[in-house]
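Listed here are the chains, written in short residue letters.
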Amino acid sequence: MALLEVDALTVRFGGLTAVDRVGFSVDEGQIVSLIGPNGAGKTTLFNAVTAVHPASSGRVRFAGQDLRAPLSFGAMARILLMALGVGALVQVCSDIEGLWQVAVVDRFDYGQQAWAVRDAWHAAVRHLRAQGPWPALVGGMVGAAAAFNAWRTGRLQPLRARRLGIARTFQNIRLFSELSVIDNVLVGLAGAPYGPLAALLRLPRWRRGETAMRIRARDLLAFVGLERFADVPAGGLPYGHQRRLEIARALAGDPRLLLLDEPAAGMNPAEGADLIELIRAIRARGVTVLLIEHHMNVVMGISDRVVVLDHGVRIAEGDPKTVSCDPKVIEAYLGKEEA
Amino acid sequence: MNRPLAWIAALALVAALPWIDLLLPPYWRLGGDVGPILELAIAALGLNLLVGNAGLLNLGSAAFVAVGAYAFSILTTVVYPFQIGFAGGAIGAMAVSALVGAVIAAPTLRLRGDYLAIVTLGFGEIAKDLVTNLDVITSGAEGLTLEPASGARAWLWPYYLALAILAVLVVALTNLDRSRFGRALAAVREDELAASASGVPARRAKLWAFLGCAALCGLYGALYANRLRFSGLPTNYDFQLSLVILSAVILGGMGSIPGVIIGAFIIGGLNSIVLAKVGDLLVRLGLPNDSNSLASPTNWKFLIFGLCLILMMRFRPGGLVPARRVAPAPRASGDGGAHGAA
Numbered sequence: 013m014a015l016l017e018v019d020a021l022t023v024r025f026g027g028l029t030a031v032d033r034v035g036f037s038v039d040e041g042q043i044v045s046l047i048g049p050n051g052a053g054k055t056t057l058f059n060a061v062t063a064v065h066p067a068s069s070g071r072v073r074f075a076g077q078d079l080r081a082p083l084s085f086g087a088m089a090r091i092l093l094m095a096l097g098v099g100a101l102v103q104v105c106s107d108i109e110g111l112w113q114v115a116v117v118d119r120f121d122y123g124q125q126a127w128a129v130r131d132a133w134h135a136a137v138r139h140l141r142a143q144g145p146w147p148a149l150v151g152g153m154v155g156a157a158a159a160f161n162a163w164r165t166g167r168l169q170p171l172r173a174r175r176l177g178i179a180r181t182f183q184n185i186r187l188f189s190e191l192s193v194i195d196n197v198l199v200g201l202a203g204a205p206y207g208p209l210a211a212l213l214r215l216p217r218w219r220r221g222e223t224a225m226r227i228r229a230r231d232l233l234a235f236v237g238l239e240r241f242a243d244v245p246a247g248g249l250p251y252g253h254q255r256r257l258e259i260a261r262a263l264a265g266d267p268r269l270l271l272l273d274e275p276a277a278g279m280n281p282a283e284g285a286d287l288i289e290l291i292r293a294i295r296a297r298g299v300t301v302l303l304i305e306h307h308m309n310v311v312m313g314i315s316d317r318v319v320v321l322d323h324g325v326r327i328a329e330g331d332p333k334t335v336s337c338d339p340k341v342i343e344a345y346l347g348k349e350e351a
Numbered sequence: 170m171n172r173p174l175a176w177i178a179a180l181a182l183v184a185a186l187p188w189i190d191l192l193l194p195p196y197w198r199l200g201g202d203v204g205p206i207l208e209l210a211i212a213a214l215g216l217n218l219l220v221g222n223a224g225l226l227n228l229g230s231a232a233f234v235a236v237g238a239y240a241f242s243i244l245t246t247v248v249y250p251f252q253i254g255f256a257g258g259a260i261g262a263m264a265v266s267a268l269v270g271a272v273i274a275a276p277t278l279r280l281r282g283d284y285l286a287i288v289t290l291g292f293g294e295i296a297k298d299l300v301t302n303l304d305v306i307t308s309g310a311e312g313l314t315l316e317p318a319s320g321a322r323a324w325l326w327p328y329y330l331a332l333a334i335l336a337v338l339v340v341a342l343t344n345l346d347r348s349r350f351g352r353a354l355a356a357v358r359e360d361e362l363a364a365s366a367s368g369v370p371a372r373r374a375k376l377w378a379f380l381g382c383a384a385l386c387g388l389y390g391a392l393y394a395n396r397l398r399f400s401g402l403p404t405n406y407d408f409q410l411s412l413v414i415l416s417a418v419i420l421g422g423m424g425s426i427p428g429v430i431i432g433a434f435i436i437g438g439l440n441s442i443v444l445a446k447v448g449d450l451l452v453r454l455g456l457p458n459d460s461n462s463l464a465s466p467t468n469w470k471f472l473i474f475g476l477c478l479i480l481m482m483r484f485r486p487g488g489l490v491p492a493r494r495v496a497p498a499p500r501a502s503g504d505g506g507a508h509g510a511a
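Protein chains in written order, with the working numbering: chain A, 13 to 351; chain B, 170 to 511.
So here's chain B without its partners, still in its complex pose (with noise of 0.2 Å):
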């Protein structure tokens, strides 16, 4: 299989999908459905830095998201003075996300497997009751509101936004598997004390793996609340935006960014989609749909991520595209399966 083309088909296919979509009867319209699924790449892209290249279990990514889409709010709402602009105040989420980031890594990567999941689980929830309670600054629980845009197909902007970046973080990041630097995450992956004896900085190596994730689900965030021109409240970003981001990376394939790329589509498009549309169908169909909370599909979501996490973990604990491990040695003439192995 080439490689390349298969990623530039995906890219051009999801590239043309808001003018396919015009083609379809209104039922079948996607409109910004996919837009949200190709963010949610972006963060699973980072939490694989950590979970899948790293080997580190972070259960607080959300977090990272809140603290991304507030610092971008903060810093383009017309409430304060600071406007800065789209591009300002992605690049000034980030920053502030990987600044908490390192805050809470500093003392904690000594920790390893449980007790660092345990951390970051607990700095999940404490992020969310920070940014509902500092209120001067966030307006608590009543979030931001940033100037809404206009147009009935607003949402192509951030669609292709979330696309051009998820193609370059693509490309970013499979480059990086294929240094020094991938090969370091690696091997503190596989044996840490290991690396270190080989001359890896194992500490250095996995704190800028935890850098990289923070700043990849605050741009996340920041993304986010862009397309909603909108903070989100602080109930937003709660453990269960953290397990999204989680199962897309273990469902598609930790370590794998193809595979990670797959789980966010079905894990997004599940949970926006698929169930949506079969809420709406049985709507249609005139079944009742207030007065039991299990009606709605939308519901079940967890349901349904949990038995596919089970099924995964039983059938295919690779993720449905395992990594590659053994990568191919780079060619003089361009690069991609030299070996062939899928």
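Bound conformation, chain A alone (with noise of 0.2 Å):
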């Protein structure tokens, strides 16, 4: 079964279409290289893949489950909540001083009277009464707008490709450079083995879970060939490092699918062999690869299946070997022959 389903996925800048209507799909094991000439859309379908950037049109599927969140039972609770909420500000706010004086003020008198809770919410609530619902129910009205577009343009957002399984890594590094280098894949590091209070008052839990979670970031250093490194500060690393640091960052989070965004870019041809075998190594630990490349070194050295993108449109696919043999492929990267 394909693990990732792109299909007629187009992306539009203003006039421009960066992706016209790709479709391809990624099984699940396999190492599948995306190449193409500088231009050709590969990193903007990375980012429609990982949720970056939304796609004008068509859609991707992980797993089985659609890039976009679907309204779920939570997301609808949350606008209800929302709706409820902004309502019963507004309704108390609109008339916040009225309400003061009749529950609290003239109930009290300046410690003339007794106050008591009840009789100032009876208060209270015949003022709100009095007011009608027209405050609440614009102010609902409001707020469930809100909410909704916040879940419209929140359904589809790199935190929902994360959770579904989709790590990535960026063409222009984005480490958290000030941050150790460990501390950079503890970041990444899915689950969470203690609570906000564990971790404010030290219990016990957080003490376990924090040694646990730097075992394992310990780990995933050792199999990137890092863990020397462990306590610099991330942005000090040397160029190759710093790649390395991104793909252990990614796989810290537990991916099914890593996507590689040139990964042997500055690299060279020693390190992009050690970068070969630790990309076999991921996929021997049971991911899935999609990678950008131009090094055909690379590519050819580990790909099960290439797909080629020219101009935002996908034309040619298949293994390496076809692939390199396609005269399409081959005009695309060289140009066509003078007659």
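No lab work stands behind these hints: they were computed from the structure.
Since the structure is predicted, the reported quantities are computational estimates derived from the model, not experimental observations.
In this text, a Cβ means the ideal position worked out from N, Cα and C, and glycines have one as well.
It is possible that part of the hints are untrue.
[As the list claims (entries may be wrong)] Here are the computed distance ranges between Cβ atoms for each label pair: (1) 341/B <-> 100/A: 50 to 60 Å; (2) 408/B <-> 280/A: 49 to 59 Å; (3) 19/A <-> 341/B: 44 to 54 Å; (4) 175/A <-> 291/B: 46 to 56 Å; (5) 297/A <-> 484/B: 43 to 53 Å; (6) 124/A <-> 326/B: 41 to 51 Å; (7) 271/B <-> 19/A: 35 to 45 Å; (8) 108/A <-> 407/B: 18 to 28 Å; (9) 329/B <-> 219/A: 23 to 33 Å; (10) 93/A <-> 282/B: 26 to 36 Å; (11) 280/B <-> 100/A: 21 to 31 Å; (12) 204/A <-> 272/B: 21 to 31 Å; (13) 272/B <-> 130/A: 53 to 63 Å; (14) 240/A <-> 341/B: 29 to 39 Å.
Starting from the two chains in their separate frames, assemble the complex, guided by the hints.
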């Protein structure tokens, strides 16, 4: 079964169609490469798959689920709660001085009268009733509209893609450069072994959870070969190491699919060979890999399948050998031969 | 350097200060002047949660202080029937401040950097006007008076209260920094997109930081009103107060808990001790103090704050005590500066 299904995906920026009705799928356990000349729309496609940019049309499904969050029960409850909350707030605030006057000032009269919560409550309710339902209705509608809009814009978010199991690295490395190497991995770590109270009070749960998290993070650093650098600031690492750290951070969330955007950029051939080994090891952990790459030795060395984009259109797909002989691909890379 | 020991020494010194004070000649006595600084440090730690940890600029923290001070006053004054005492009043003040914070933050937290700063700046002005104009509730421009405290050293109780709260806060916030929540905030500050793509619920993290900031500024307001036995005037909660709190954070070092406290001591100390003493001295020397407003050193304070900030930005942009971003790992036995970095 296909893990990732991209169907007729289109991304437009104003008049520019960066990705034009591209469809392909990635099967579980495969290593698939996405190649194409500069500006072909590869990174835009990645951004659409990880919900960094919304797609203009078409859809992305991951493990059978739509990348857009469905209108769940929780989301509907949130919208309802927001409507009630804002409605109540507007009803109370629309004449808060009058409300205060009848519920507190008149009933207490600077200590001249005994003030009872129950009486004050009744007086307040009477006052709110007398205002009529309009403030609450208008407030409720505004609240519902705002909550609905927040849900609508929030249903497609990098966080959602991450929670479905899609992790990624970035073409222009985006580490938390002031944090230490291990903290970068810890941020990405899946699971919540302790809650805020345990953290504030340093309960044993915090210590156990933190120790377990650090063991996992160190394992991941060892996996990408960075365990020696655990405590240095991430921004101080050499370029190739930063790319590996991004991979470790992405793997920390136990993804099912890992998207690598030009992992070999700026690497020399020896580092490229190490990278091939690393990507193979990632697959051996049960993670499916989709990568964008320009280094053909990397692409040809590890890919099960290759998808070729040019000018936002998918021009070829298949195993590395077939694709590299495809006249359309050669034309896209080298241009047409003069007749 | 042994950090826990330094903290305990500082705590002991500040705790002993009211008694050391008695030994000094009257001119050098600090009296109740250090208490307000401790309270300022609480607000600065709250603002630091937002500015230092989450990297969001808030120019309207005075609004939350006002909300806290007025909520506390309403809940404890004899004019109103609630009269729930200090603890209830302070918790109520924090809750109301956090609620107002949620109302402000929910629609504005998508804004970044300068835009959020402008929204909070505007909110600061609105809150001041609201407090003035809701005069049925807040007594408008007069403020709410609380039952006065009696005794010459009545300031001791608010003083030790502020010190105790500050000590608890330092421990709790340090713990928070070294937890997954502190790391999540730091990640959002460093790169929000990468944080979301790494599984950090960025918007929720920012909302909690905002609520924490609002609650601690509200607590500052409650402590302030409790000490003065007065809600303060609406004009006390103007932009200058927001700037004083922010200056303490920036001067001390954004994101650094000891730095922020030192910043609060410098800004607060300059404001209420050094300049006041210099002013006293000038009066004693027979210099005029009333004809020309510039003759009073307390009126120089914003000039001095501004100068401090410019010099800091030029020579030490991380603050006096820059934050230690690379946190040491927790140890099986206690913790501390395992890596020796200051």
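Tell me if the beta carbons of residue 240/A and residue 341/B are separated by a distance inside 29 to 39 Å. holds (34 Å)
Does 49 to 59 Å hold as the CB distance between residue 408/B and residue 280/A, or does it fail? holds (56 Å)
Between residue 272/B and residue 130/A, does the beta-carbon spacing fit 53 to 63 Å? violated (28 Å)
Residue 297/A and residue 484/B, beta-carbon distance inside 43 to 53 Å? holds (49 Å)
Could one say that the CB atoms of residue 124/A and residue 326/B fall in the range 41 to 51 Å? violated (31 Å)
Per the hint of 44 to 54 Å, is the separation of the Cβ atoms of residue 19/A and residue 341/B within bounds? holds (50 Å)
At the C-beta level, are residue 329/B and residue 219/A separated by a distance inside 23 to 33 Å? holds (31 Å)
Given the hint of 35 to 45 Å, check if residue 271/B and residue 19/A actually sit that far apart at their C-beta atoms. Holds: the Cβ-Cβ distance is about 40 Å, inside 35 to 45 Å.
Is it true that residue 280/B and residue 100/A lie within 21 to 31 Å of each other by Cβ? Given range 21 to 31 Å: holds, Cβ gap about 26 Å.
Between residue 108/A and residue 407/B, is the Cβ distance one that fits in 18 to 28 Å? Given about 23 Å between the Cβ atoms, the range holds.
Given a hinted range of 26 to 36 Å, is it respected by the beta-carbon distance of residue 93/A and residue 282/B? holds (30 Å)
Is 21 to 31 Å right for how far apart the beta carbons of residue 204/A and residue 272/B are? Holds, at about 28 Å.
Figure legend: structure checked against the earlier numbered hints; hints not met, in rising order: 1, 4, 6, 13.
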